[in-house]
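Asker: The task is simple: from the sequences and hints, build the whole structure.
Number of protein chains: 4
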Amino acid sequence: MKEVAEAAVLSRSVCKVAVVGASGYAGEELVRLLLAHPHVDLVAATSRQFAGKTLAEIFPRFSHREKAQSLKFSDADPEQLARDAEIIFLALPHGLAGEFAKPLSQSAARVIDLSADFRLRDAQIYKEFYGHDHPAPDLSGEAVYGLPEIYRDQIRDAKLVACPGCYPTSILIPLRPLIRRRAIDRKRILITSLSGVTGAGRKIEADYLFAECNESMRPYGVPKHRHLSEIEQELSILAGEKVVIQFTPHLVPVNRGIVTTIYAELRGDVVAVDPALIFGGAYGREPFVRLLGDERLPDTKNVVGTNFIEIAWKIDKRTGRLIVMSAIDNIVKGASGQAVQCFNLMCGFPEAAGLL
Amino acid sequence: MKEVAEAAVLSRSVCKVAVVGASGYAGEELVRLLLAHPHVDLVAATSRQFAGKTLAEIFPRFSHREKAQSLKFSDADPEQLARDAEIIFLALPHGLAGEFAKPLSQSAARVIDLSADFRLRDAQIYKEFYGHDHPAPDLSGEAVYGLPEIYRDQIRDAKLVACPGCYPTSILIPLRPLIRRRAIDRKRILITSLSGVTGAGRKIEADYLFAECNESMRPYGVPKHRHLSEIEQELSILAGEKVVIQFTPHLVPVNRGIVTTIYAELRGDVVAVDPALIFGGAYGREPFVRLLGDERLPDTKNVVGTNFIEIAWKIDKRTGRLIVMSAIDNIVKGASGQAVQCFNLMCGFPEAAGLL
Amino acid sequence: MKEVAEAAVLSRSVCKVAVVGASGYAGEELVRLLLAHPHVDLVAATSRQFAGKTLAEIFPRFSHREKAQSLKFSDADPEQLARDAEIIFLALPHGLAGEFAKPLSQSAARVIDLSADFRLRDAQIYKEFYGHDHPAPDLSGEAVYGLPEIYRDQIRDAKLVACPGCYPTSILIPLRPLIRRRAIDRKRILITSLSGVTGAGRKIEADYLFAECNESMRPYGVPKHRHLSEIEQELSILAGEKVVIQFTPHLVPVNRGIVTTIYAELRGDVVAVDPALIFGGAYGREPFVRLLGDERLPDTKNVVGTNFIEIAWKIDKRTGRLIVMSAIDNIVKGASGQAVQCFNLMCGFPEAAGLL
Amino acid sequence: MKEVAEAAVLSRSVCKVAVVGASGYAGEELVRLLLAHPHVDLVAATSRQFAGKTLAEIFPRFSHREKAQSLKFSDADPEQLARDAEIIFLALPHGLAGEFAKPLSQSAARVIDLSADFRLRDAQIYKEFYGHDHPAPDLSGEAVYGLPEIYRDQIRDAKLVACPGCYPTSILIPLRPLIRRRAIDRKRILITSLSGVTGAGRKIEADYLFAECNESMRPYGVPKHRHLSEIEQELSILAGEKVVIQFTPHLVPVNRGIVTTIYAELRGDVVAVDPALIFGGAYGREPFVRLLGDERLPDTKNVVGTNFIEIAWKIDKRTGRLIVMSAIDNIVKGASGQAVQCFNLMCGFPEAAGLL
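So the protein sequences, as listed, match chains A, B, C and D.
For the first sequence, numbering that gives the first Met the number 0 assigns the number 0 to the initial residue and increments by one for each residue that follows.
For the second sequence, numbering that gives the first Met the number 0 assigns the number 0 to the initial residue and increments by one for each residue that follows.
For the third sequence, numbering that gives the first Met the number 0 assigns the number 0 to the initial residue and increments by one for each residue that follows.
For the fourth sequence, numbering that gives the first Met the number 0 assigns the number 0 to the initial residue and increments by one for each residue that follows.
Hints were generated in silico from the structure; no laboratory data involved.
Just to be clear, a hint being listed does not mean it is correct.
Note that the list lumps identical chains together, so a pair holds whenever it fits in one copy or between two copies.
[Stated by the list, open to error] Result set (BS3-like, lysine-lysine): computed pairs, CA atoms no more than 25 Å apart in a straight line:
1. Lys-15 - Lys-71
2. Lys-126 - Lys-313
3. Lys-241 - Lys-202
4. Lys-313 - Lys-223
5. Lys-223 - Lys-126
6. Lys-316 - Lys-126
7. Lys-52 - Lys-313
8. Lys-316 - Lys-223
9. Lys-52 - Lys-186
10. Lys-316 - Lys-186
11. Lys-186 - Lys-313
All values derive from a computational prediction rather than experimental measurement.
Answerer: Given below as structure tokens:
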């Protein structure tokens, strides 16, 4: 009965939220999660393309939700949104998100940004990796990197949360305890990732047409994918020194999912390192980390549609390396689900509310 | 007119061949290539399962070939085959292939084996990786590793050719010139590969059901996939010393194709190494090596259904590493096409006959 | 607050259930739905293959559910199950399900069978379509066909519910109001369906290997698929006379989903028939029927993972035909979700509990 | 030796050809076939987008062909093309193709058009189905419908060939002998087709993005798909009276292939009709028609990459209907391969040259 009582209390506690840029894959998934969230009142969803139509008209799959029948996509007016919503999710392309966040910073609304705009602390690195000046350099310092497994406490009180990229999520969670426990050589980390096609967003480009992706496998973004910037930033913070890594993403014909394989060199005596202890200590109580141990291997089909990350590992005694593998849904734990997890923390709701 | 004349001459030169184990994916593809080959007379195709049926009955897609209408699958009788065929392809599972090769070794027939049985020079390593004693250790020493890009001359005269595995093909061709030119640190080679599902053969196991593979990405065979044994053997031969590498394959929902990404550390001054020169020198005249340079990246869809390997590279100045990427069709260049390429060499036919 | 109060009341009302045959696709999905169901206490899940292992060990994707950590697969002992569970779901192959239901019929437990065994009222037709004698002919008469859109009231009180096949679900829901309203010629109904590969169950057969299904489209079961028997039975009941139809299923490389296209000839004046009125009248208040009208067309991606059926229609004035199209998830509305919908009705829970 | 001699003779006979609009899927496949064709000298390939680049640069998969290395995409200049090429293939969108054909009609060049512009004899029907005036109504009467199985003799001498659409190819070949032999009721033909995504061409639209097509099945173009116009035209010609049919296409997540299922009502005594005799009589000697009979069913994976059409049939005694099913590769037999087949006829080359 305790759970029921708790639910009753919390359900009185509803947060008004808005989603800006609700027509991309991350925006759509965010709307899906928020419509089903027990503590959310979705007051606005913006989309230039769909303005004036109801959510249900554009996304029939949501039409059983009352709110999807009544709520219409609107144009994105920051002042209006700041008046109506307590928390505003930005699911805009990088550059645009930063612009949009500026007026919001003057308001009482808290912001959860899914773009890359506030992930990097250094505007120079932003420019190097994204090819244009940072749209709101003054705000960069205020943002908290929205990875609950690292920054849970800071997220609770954040005014501006920068949700991590999908690849960084799949990489930083497994690497964090190894770096902190000094179990691996920080100078020799290599990472291979495979991503489903939604990772590119709903971009209408020839490269992402069905017949160009289906029956195709290809590396891309070699050797300097944009996500490298935030991966190295966060690893460097954890390590307390500059960390440079190798990272190669590949595009694979699935809708969703990322599998990451990390190669690390064990420090000291291989036998002395017990990844089960390290990972168990770090993540044994995390709500969305599933440790598979060294007997099973991750598979995206076990996490797609969920906010979980699977982590497995193998020590290769022949080479002295530790191979750590992870799997996530790039749109859920890699984007919208993680944003909702941050939202729950910011509002004091149960961290898994709306995510199980 | 020269080509026509040459064709006329060669078409008088027809080789009688047999395929043992013609019902797996490699066997089927081999039959497809051989039925269309201008210098081949397919005299037998064996399959216990299909014995007594014509090729056309089992594989309707071949039925426009006259030979597919007339030739029936037979049981595999080595003595009969050795009398009827000059060259015998073995597309049997490992273990069985070695057994079958024994009686053939006493005959005049030359053998092209697509299994793993004769790829390894050391029967101990065979046992370590394949889990049982070598079926024909006496023959192991006689076999030539059927990778034309390395062993072209030896293949021409070979009595027994051991065709490489699909992963090793995608790895050894790009690595060979780098090892030989001492461009990279042989002790720090890491390799990630992605393979389509036919790589597992036509195995009727739950893991390879459509709904278990589709919308799934997963590493497997970590850290000691069977193909590691032949990759390390061949790299060690090239290097003149024991080479140990890291290799992680991943299963991806496509029918065919392998993409391999190799991480190597450049020796000496990065600027001094010019992969374009190294690869161009090694492979500029190879009929089936397509060098993409450092501007384009490989994509399996450009090689599927062909005997080509695509190779691209990038130097990462941030890390001092060379990233080399390749793509092949696992069933063609990774198995049956390569077997036909070896066959052409053994018979003195144009190396690309039946493969373009 | 009304909803909260209602939830509090209902959460005290929990039903003990068991799943027999929990390792197939329908069984696994059923376990997934039941583990998340607010009014279910899953007391047993049986699987010969996995007996002794926890649900979480076999299905890591469920491991965040406490019950999945504690509950072990057991052998299927009908007497024990009847003592422990109030409602028993059978997700066994046809033939076996009927055998298993026999001892249960003597107990207090109510049974929801997902197999074909109790769908047909005529044991002769069962034998004609399934190729063996009915395993429990005495029970056939007692079963209620578990399609809530037709038999809602009977399901509430049923002792034995026979859940419809996936194709029949996608066909009977759209056809029912047309038949009842005598809008179409009952003698000239033709139906084409497309199904994803899980429709075949987790059968380990060559036909369902990834590389045999991917990049393949094929009709099968022509002209007399097993589901024809229950489609014609139910249409005949609705029509009050024997109805014979044409039905052709096709296998398509997706994991889940059925799209059905029905061709019917309009009776009387085409202009006089308004499908929007007919469908709106029949299904305007159904919780899981989504009427798309005559402007939009169904797409399986809008229903996969849900218990919804999408229905759209077009009148072709050129031919005088009405084309009705539907889409469902074959495993949810076509099997396990529908079983849970029946369960909710049988227990007096909200019909959509655990299904949104 | 006869074949060799013949080959020698023919190889002296080379035809100069050009491809206009070589960057779509049909254009690309056409270039692939023509580069490998023993009697073709490809003198031009046009593409506004790629002008100035070699074929090999844009399509690495062709780069082993010498001509792909040397030939550059050019702008489409009809006068220049007419001077340089004997036969000009048009792989342009409808509307543009007709415009382009006008100046060519004044030249000596013969034209093979893959668009819809010259398939219809009635400019009014063209306008009704394509939504704009016919671009070259004067030429419509001159065109021969490029389906060799019906118009072989006319194609040989044609100045302008209009290659059929992909769906019509899969439908007309199976229906033709049934119509001509008066075996079926012409007033009650219903057709369902499933098509792979390349059927939409290389259109850069959201509907054809990978994640919108993958794991999706959907009807479209209901009830009046554009191809209906040519299907009914050709059936009416065969029948000698106006034929109106029902046709519903579906989009399925495969790259290539069409499966068509035709429902027809047998005339007279069912027993008296023997489809095997009808189809065997009509197509027993056709080079690209593969009759499967009534025991096997078609599967696109058996025809993809080839110019074959598979045809199977079943008589359903319960309903008195004949179900005929076919499978083709929509880009080969449904477009570019058929164009090459017509080309071979026009030039007097063996009909299957370059197509096996």
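Asker: Of the numbered hints stated previously, which ones are contradicted by the structure, given in increasing order?
Answerer: Hints 3 and 9 contradicted; others consistent.
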